[in-house]
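S.K.: Residue numbers (this note's numbering), protein chains in the order written: chain A, 224 to 1210; chain B, 4 to 178; chain C, 1488 to 1966.
Please note that a few of the clues may not be correct.
What the hints assert, rightly or not - Below, in silico cross-link-like pairs of lysine-lysine (DSS-like), each with a Cα-Cα straight-line distance of 30 Å or less:
1) B:K164 to C:K1518
2) C:K1824 to A:K954
3) C:K1691 to B:K13
4) A:K954 to A:K1143
5) C:K1780 to B:K54
6) A:K862 to A:K666
7) A:K845 to A:K829
8) A:K1008 to A:K844
9) B:K31 to B:K52
10) A:K924 to A:K844
11) B:K54 to B:K31
12) A:K1105 to A:K1008
13) A:K853 to A:K1008
14) C:K1780 to C:K1860
15) B:K13 to B:K52
16) C:K1691 to C:K1711
17) B:K13 to C:K1518
18) C:K1711 to B:K13
19) B:K31 to C:K1692
20) A:K862 to A:K844
21) B:K52 to C:K1711
22) C:K1560 to A:K1008
23) A:K1008 to A:K380
24) A:K1176 to A:K948
25) A:K967 to A:K853
26) A:K862 to A:K829
27) B:K13 to C:K1692
28) A:K639 to A:K430
29) C:K1560 to A:K1105
30) A:K430 to A:K666
31) A:K829 to C:K1860
32) A:K1105 to A:K380
33) A:K967 to C:K1824
34) A:K948 to C:K1824
35) A:K429 to A:K666
36) C:K1560 to C:K1691
37) C:K1518 to C:K1780
38) A:K829 to C:K1560
39) C:K1711 to B:K164
40) A:K862 to A:K845
In short, the hints are calculated from the structure, not lab data.
In case you want the letters, here they are:
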Amino acid sequence: MPSLTPPVPKLPIYGQPSSDGRRHWQSLDALAAEPATAPSPEFPEGADSPPDGLARRTFLQILGASTALASLDACRPPRQKIIPYVRPPEKPLLPNTAVHYASALTLNGYATGVLVTSYDGRPTKVEGNPDHPSSLGGVGMHELATLLDLYDPRRAKGFRRGQSTLAYRSLLRELSALAATHQADGGARLRFLLGANASPLLAELKKRIQQRFPRARFHAYEAAGHDAEREGARLAFGRALDVRHRLDEARVLLSLDADFLCHGPDGLRLAREFSAHRESGPEMSRLYVAEAHLSVTGAAADHRFRLKPSEVLGFGRAVAARLASTHGLGALAPLVGPTRLAREANAVADDLFRSRGRSLVLAGSRQPAAVHALAHALNAALGNAGRTVEYAPAVYDEATGPGELAALAADAAAGKIDTLVITAANPVYTAPGDVDLAAALAKVPNTIYLALREDETSPRCTWNLAAAHPFETWGDARGHDGTVSIVQPLIQPLFESLSEVEVLASFVDAADAGAWTILRESWQRRRGGGNFAGDWDRWLARGVVPDTATVAEPAAPRFDAVAAAVRAAPASAAGLEASFVPDTKLLDGRFAENAWLQELPDPITKITWDNAAYLAPATAKKLGVENGSKVELRLGGNKIEAAVWTVPGHAEDVVTLPLGYGRRRAGPVGTGVGFDVAPLRTAATPWFAPGLAVAPLGRAKHAFAPTQEHFSMEGRDIALLFDAKAFGPEKIEHLRGPVPTIQKPVDYSKEPYKWGMGIDLTKCTGCSSCAVACQAENNIPVVGKEQVLRSREMNWLRIDRYFTGSPEDPQLVAQPMMCQHCETAPCEYVCPVNATVHSDEGLNEMVYNRCVGTRYCSNNCPYKVRRFNFLDYRGDMSPTEKMVMNPDVTVRTRGVMEKCSYCVQRIERARIGSRVEGRKIKDGEFTTACAQACPANAIVFGNLADPESAVSKLHQSERRYDVLHELGTRPRTAYLVRLRNPNPELT
Amino acid sequence: MATYVLAEFKDEAALCAAARRMRELGQKQLDAYSPVPVHGIDEALGLPKSKVPLIALIGGLSGAVGGYVMQWWMNGVDYPLNVANRGAHAPPANIPITFESAILLASIAIVLAVILLSGLPRLHHPVFDVEGFRTASLDGLWLSAEVPAAEGEGVVRELQKLGATQVERVAEEQR
Amino acid sequence: MSATRTNTALDRKGLDELEGAPVLVGRPSDKELTHELFQPVWGEMRRGWLALFGICVGVSGLLFAAIGYTFAKGIGAWGNNIPVAWGFGIINFVWWIGIGHAGTLISAILLLFQQKWRTSINRFAEAMTLFAVMQALLFPLIHLGRPQFFWWLFPYPSTLGVWPNFKSPLLWDVFAVSTYFTVSLLFWYVGLLPDLAALRDSSKKRGARIAYGIFALGWKGSAKAWRHYRIAYLLLAGLATPLVLSVHTIVSFDFAVSQLPGWHTTIFPPYFVAGAIFSGFAMVLTLIIPARKVFHFEHVITQRHLDNMAKVLLATGLMVSYGYMCEHFIAWYSGNKYESFVFFQTRQRGPFAPVYWLMMFCNVIVPQIFWSKRLRENLMVVWVASILVNVGMWTERFNIIVTSLHRDFLPSSWAMYRPTWVDWSIFVGTLGFFGALFLLFLRFVPSVSASEVKELRRELDHEAHAIAHPPAHGVGRGG
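Please model the complete structure; the sequences and the hints are all you need to start from.
M.R.: Listed below in structure tokens is the structure:
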């Protein structure tokens, strides 16, 4: 294996000394802590340096798949760069030791910093990077699930031109040859269609290509892009600015159709800042949301105004009107307009004004530029600018909307293009109904498509190149605030593939150097000065390049321009309105082949393996349809078929259609799942349009597979919701404290550790990151729709969603529910073979190899959190699929029970670490996968024996209660009641 | 070498009478055969009380004690576990199995006792050579005396005198 | 003996009240009885028997095919899920065990109470018990997620070092059911010994003689053996009586000891036992009515027997109804919101409500018809009713297990339960397997105990002679 031989500078590891000896810190505590002594005492001398040890063997396994495909000339530098094992390893590199590497994942143009856990050279888990401004340590479901894509054996492999396959080198030769043919006319007939990406390296490459081909053109396309924000800023401020919200300053928030807690480049950050101020008291923030479909943010709102997407602008104008008329903000006078929710609008306006300077108006990326401009005007008038909202030069400013795609398609159809390089995500599928990209591509002699998987676009292209996974390539990216991260690979490409950087580089004959060299040189140039290597290692190790965030600048909106735009915006029309949303899980469909996300219940509707035409119960009644009814949807000239699902709290006369489903070429996982709604979209009205016609199609029902079928609490004290003002500890006295029992409680006071968990329902938004994190951490299988229909899903951690109040305007509570680790666990005494017993530290332990599968424990579990392997859900996994497994967690066989273990493997790792250093485990030294992932810090895990620990504090909180307390199970997981902060004027 | 003398009688009274008479004459090795228990035959043959109840009692007690001790030792002593906060040794939970094992061992003891005490299983017995003796399990009533070959004649005559409907002699096969 | 005296007196009183319906018609001689009761064994093989047997074997084939499929694919082949982790498997287990109770009850308890009318039906009932319990024993094994490790339920020194958990009702079950099967088998076999000997001695063919001879262990009906035998049989009856009560009590603990609303209730032990006897007698009637007709046993298994069993159905049916009443009353009276929800919402109005109301009809309404003598005497009516009761008892177990589980504490985990074709095949298959075993029993063993009927005849003679001074003999087996 040539790739293994020559020793080379190893890749700096997050939180470990870099080759230049300086230490990189993982977090502030880590910085304070002493460096670990290596080699570790718990291993005998020499055990840590096996020339043919576990490390290399695993690595060979890893390479197995790719070497089969890769011909020798496909070996390319700098393979060795990412192999830490070729040198006698330090402590963290011992076999089967977790190593964390910092990297970044780019979605929709902007990056989120992540830490990737790697065992013996294979990434097994993604965490948030606490040092990255877009993450702050939290991580979203998409970053987590990307890991599964990496090991998907159905990924595209190798390179094809027509029918002939190409090796890496020959591909590069062919590409530069092709590029040369465009030299003559300055690339007039050369086009690029890229996805949105703020990567400095890509920007530089684009510039170099433009220099060589002055007349070549770059297009960008995102099915769910952020154009409207930039346009809105341009409207209001006359230049492209990024809007940066500072929720830690905001007390009253008005969201104009903005799902900011879940979507958007800074969703994780905003969720954390928002939840930080959901504490009872005068400082508790208040959130108003005006939206049609019930979004995660809407579910967290104190007041929701159910409006058609087209009515949102009107609502904003009414707020402006009130501010102008009653509160004398004259600047807003030209913006005013009517709304049908006048009373609410006035109350919101008064509230915003009361806390002006500490209030905030946010506009959703689906809303047109006018709404964003209006939001800027309102914030300016309310004196929020510079305090709760900042403006900075746009990190990325290119049109990525369907308009661009339409223009490109037109040119292609007109035969103006000879070579088209596509790296955008599956444009043929995501293209709006009125853009026939497929036909247009047929007119282009050379269409070069770089994609992770074979999809709808592949067969339309003459060149199909397998894209390398972000964990396999070098590159860079920028976060929502411009902070640069170096994207470093965690593993050799499992399959013959290359990166976007290499493709573009080959058009300036630079590809041969390889992505690593191109990237390094570009940054060396950019930085200048000496000791680049040191900085470079530091950047990699920490995951961010310091001082690269764009600087906020003062910006004043031009009210007249805003007013013009607002007035020009079309008024809301009567009748049914179609509203398109990027699906919470699959976004624009790029995750359709990700089984984790497909099986993840939708945060609101709990539906798995499907999207649906969502509508309000009243609207459904009016249309004579019910859950599962198949309908035909007609909009403009186009029509699609879909099945409906009613959502309490959904706005009436609106049908919400999530993108990303109904894929036609998405492998065994994604093909034919759900309904493709893209054909109804048009380039002009990509997000919502009036005049939707819904026609029921017969009696046949579509079988939806929700994991929760009953959304009422039946008047039981399960997930408690109180108005902050009305709440007092006496309200939950009966749900806490000791219960009478004939069994003398076991005394845990002697134990140094007493593990427990606290979950703050006020902070929890139900975003479901924890569920995916749990799945990744604990090797939880995916069972498929048919098994979910039989209610055999395996998620150890489920998020229960309860609705209270009227179905028109319900209150929502999300309740993460997993094993409560009851001290008197009902599951234990019924097991005939002692397969589930209690540990000294109070864990309810499931002994897989002792379980015979009577399932009695599940029957006797009042929380029904136990999961059973009814079938062999592992089947025969390919070698690559096996690599995603966490080596610390047993893979369960058919016929055994399983459940949340409080991440016992993490407890034990921490215990080993602490024993090696002869100390106790410190609070916050480790936590469970769900708690670590949670962007809102709603889940806290730790040692109840330590009264100072964060979890002990939660358990002592006056909001603490136990679910099903009266049963006397004495759960170790405590819940904190959900508080909302409604506006008295609206209740 | 012994001989069995078999005599069939027409009713129970005759059978009992004959049995009593033979005993007076000093015959020890007497037995009676009938499809159903013949009332009064025990007294007539002077059979002692059965030991089966005692054996049953022993079996039952050992079952109960064994059952409880097993549970106490296995869960309480050898491998104690914290199961749902209940004590490792939980007497109330051990009652059912104690009871069941008592019944089980008692029953097994009884059945073994009745079989072994009755000299079973013995699939072949000299008396089966008498074709007529087949009726013993259907509708006949038989009396048998095991005597030395020499005394055979006398016993036969005696039994005929006592009103046996038929008398047979069968020699025990060589051992 | 004095005991006998009073008892026989009692019987006579009982007899009079029964308007003289005899337990044995006529006074057939031992010869006649032997010939007649062994007729099914020595007689020609009937075409009807063969046909029925063929069908039952076929259906048993379905059973074992379905079990094989389950083992191959995993327990997921059944409809079970979370929250309904127990489905048909445990329903059938409890149902069959219940049916298995009548046999021992008839032969043991009725023996202790010296009920003459038991004599000609007890073997029949005991056989039914054995075969029913065999069906029941299948389920705890095949419903496991990992049946290959079923033996971990037994307390043996394993390499894991760990022992079974004696706090688990499921383990009590293992001991109770296996004990019950063993004891029933012994009891049945001991009772069979004299007849096996009789078969040996009445056999015309050498093969049969050897076969029965082996099973007869060389029984000669010697006085020495009889004296052990009689007391042993009585003792076994004495032990079987508390056993039969304990078994279904322990089965009910599987539910009563849990904390699931609808399971967690103290009425279960008595109410399960009553239900067991209820369904057991129903099954005896379902089987004995046609058998009696086919083998012309009308004057051995007389109207009196059927009449008594119908009355037992009525009595136990009333007990079961009382059990239902208590459950609902306590659910309301305790004010426990979860329990009242199960009994007044889930069961009566939930998706499985039809099953609930079917149960109420079959177990509460149907038995009431037995108040009427005319209906008790109409065999067709009794037979149909007995079948309805069996259906009712099955639905009762469905209600207890599935309906309670599918909607428990947290509404978020509620879900529906849908049995698969495998569930149904296994259920129907056990019926076929049971039938096959029973037909074999009818063919190769006298289904009415010849020796006991002979004894019964003698006693009736004695009574006829000596009403004033009853015979001075021991209790005997039939009393």
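S.K.: Against which earlier hints does the structure fall short, listed by number upward?
M.R.: Numbers 4, 5, 19, 25, 31 and 36, in rising order.
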